[in-house]
Amino acid sequence: MYLNIEHSRPDLDTQDLRTASDEDLFEASCRGSQAALRILMDRHNRFIRRLAFNILGDAQEAEDVAQETFLSAWRHQAGWTRGAAKFTTWLSRIAINKAIDQRRKRKPTPERDEVVQALADADGPRDFAASQHARLEEKDASVALKAALAKIPHAQREALMLFYFQDFDVARIATTMDSTEQAVRSLLKRGRQALRTQLQKQKKICGHGPGRPEGTAGDAGA
Amino acid sequence: MDLDDLKEQLATLGPDLSRWPKADADAAVELMAGSVEAQDLFAAATAEEMAIFGEDETPSESAA
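Protein chains in written order, with this note's numbering: chain A, 1 to 222; chain B, 1 to 64.
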């Protein structure tokens, strides 16, 4: 499903649109500006897809939900009132509800899950983990992440590496680290907090670095 | 699951529900279905995860 707005009556020129707030862009898109809608989607599509993916675990379904989210927002523009909630907060809620609906439509497939688990157990870390690790190696952002990882306590680092890059679950990490699941959960939680703190420190020192994606719902509820 | 439980799980395992025990993931979905506060927590955790680990395409796309 793809958005296709037939008419275009932009009130703002292109330069204005690029620097306009989400709220101004959305109102312009509701008045028929294709350019405003395109910029709005460019800003938030990646976040909305990730949000849906985190609920669905399926990239194609997440893509579909993202498309439906923007379409629904545009169709139900009266559902958002300036000042009542940030546009991104409203958009995120639409996406989450659509992703939940999609997840509920699925039929349980325990057999498939068992096969996938058996393959994972037989072959070791899944391709996903290796690919994600390789991708991190290539990205500039991974430099900051690795530097931050190097500065957190060893046990926290080990737990995070096993969780994110080896795709181990808590039980398997506990076995690997000769620890308990409760201890591993604590390591993961404190490790994530430490990682966030380190990245924030780097950002302050360098004046840049990994930050909250612009226009995301990181301040949801504000 | 209540909001505090959700917050704890997000802080521990992150927002990718496929990494959570299935019962917990299902409970989180049920909570979010009826609570905008839960939805906002989940959205904030997703934004934070993207800030830490990058804003790339969804993991399965990179694995394809």
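One thing to keep in mind: the hints can contain errors.
As a list, the in silico DMTMM-like pairs of lysine to aspartate or glutamate whose alpha-carbon atoms are at most 20 Å apart [stated by the list, open to error]:
1) A/Lys201 x B/Glu48
2) A/Lys201 x B/Glu49
3) A/Lys203 x B/Glu49
4) B/Lys22 x A/Asp167
5) B/Lys7 x A/Glu181
6) A/Lys189 x B/Glu30
7) A/Lys189 x B/Asp5
Simulated from the structure, these hints should not be mistaken for lab results.
Hints, one by one, checked against the model:
This hinted pair checks out: A/Lys201 and B/Glu48 have alpha carbons roughly 15 Å apart, not beyond 20 Å. Proposed proximity of A/Lys201 and B/Glu49 is supported: the alpha carbons are some 17 Å apart, at most 20 Å. With a C-alpha separation of about 16 Å, the suggested pairing of A/Lys203 with B/Glu49 holds against the 20 Å cut-off. In summary, the hint linking B/Lys22 to A/Asp167 is supported, as the alpha carbons are separated by about 16 Å, within the 20 Å threshold.
Using a Cα cut-off of 20 Å, the hinted pair B/Lys7 and A/Glu181 holds, with the two alpha carbons roughly 18 Å apart. Restraint check for A/Lys189 and B/Glu30: not satisfied, since their Cα atoms lie roughly 23 Å apart, outside the 20 Å limit. In summary, the hint linking A/Lys189 to B/Asp5 is supported, as the alpha carbons are separated by about 13 Å, within the 20 Å threshold.
Checked against the numbered hints above, the structure violates only hint 6.
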